[in-house]
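Asks: Each chain, letter by letter, is given below.
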Amino acid sequence: MTVRVQTAAFDMGAELNAFSEGLEAGAVVSFTGLVRDAGRMVAMEIEHYPAMTERAITAIVQEATARWSLERALVIHRHGRLMVGEPIMMVATAARHRAGAFQAAEFLMDYLKSRAPFWKKEIGAEGEVWVEAKASDEDALTRW
Amino acid sequence: MIDILYFAWVRERIGLPRERVQTDAATVADLVAELRGREERYALAFADTSALRVAVDQDLADFDAPLAGVREVAFFPPMTGG
Chain A
1 MTVRVQTAAF DMGAELNAFS EGLEAGAVVS FTGLVRDAGR MVAMEIEHYP AMTERAITAI
61 VQEATARWSL ERALVIHRHG RLMVGEPIMM VATAARHRAG AFQAAEFLMD YLKSRAPFWK
121 KEIGAEGEVW VEAKASDEDA LTRW
Chain B
1 MIDILYFAWV RERIGLPRER VQTDAATVAD LVAELRGREE RYALAFADTS ALRVAVDQDL
61 ADFDAPLAGV REVAFFPPMT GG
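Protein sequences appear in the order of chains A and B. For the first sequence, my numbering gives the first residue as 1, with consecutive numbering after it. For the second sequence, my numbering gives the first residue as 1, with consecutive numbering after it.
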């Protein structure tokens, strides 16, 4: 299991290649989230709670690993100022079969959205606005 | 003494990222009531606790969580990771 919280950009291809090396598992699923242009947006600022972040993500990854018997799991999440189009975060899961790898990746994404202490702010040409959590994000957790 | 941390718009509304307070509050809710009574900016930040989340010693908690032996309480809006 690898959890990285960082300001630096990452190369998703290189990360995925390194993640997949020497696996016994037959299925690897990955998701990468990019900074989307929400109209006249120039950047995104991501704040986090340093003392809690890695620990909260690690707990989520441990649960996914146990539930879907993952051989490997990876979470990279950035913070600080990111430009439109840059990768924000990445999740990868390796399991024996694809159903487990897909489900574990979705579970990780759902939990990272509303249980990992990050807050996004959109920086626009005319001002800044905090991204509000959606009720649907919270609802997504009930399926697990 | 308890360290109180604020994040995102809670931090902006209160105007500081953290502070250390002397309190006899028994629960998070009692602490919130104490803070609300301090100044207008605290009253504004804590006006609607349903819009807030709390972590006690770096674990998500409820507003009725006890504070005995606790070193750090953090207040923030619902998280927007991923």
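Treat the hints loosely; a few may be bogus.
Here are some chain B residues pointing at chain A (derived, C-beta under 8 angstroms) [said to hold, decoys possible]:
| id | residue |
| --- | --- |
| 1 | Ala47 |
| 2 | Met79 |
| 3 | Gly81 |
Treat the hints as calculated values from the structure; they're not laboratory data. All values reported here derive from a predicted model rather than from experimental measurement. A virtual CB, placed ideally from N, CA and C, is assigned to each residue, including glycine.
Asks: Which of the listed hints are not met by the structure?
Replies: 1
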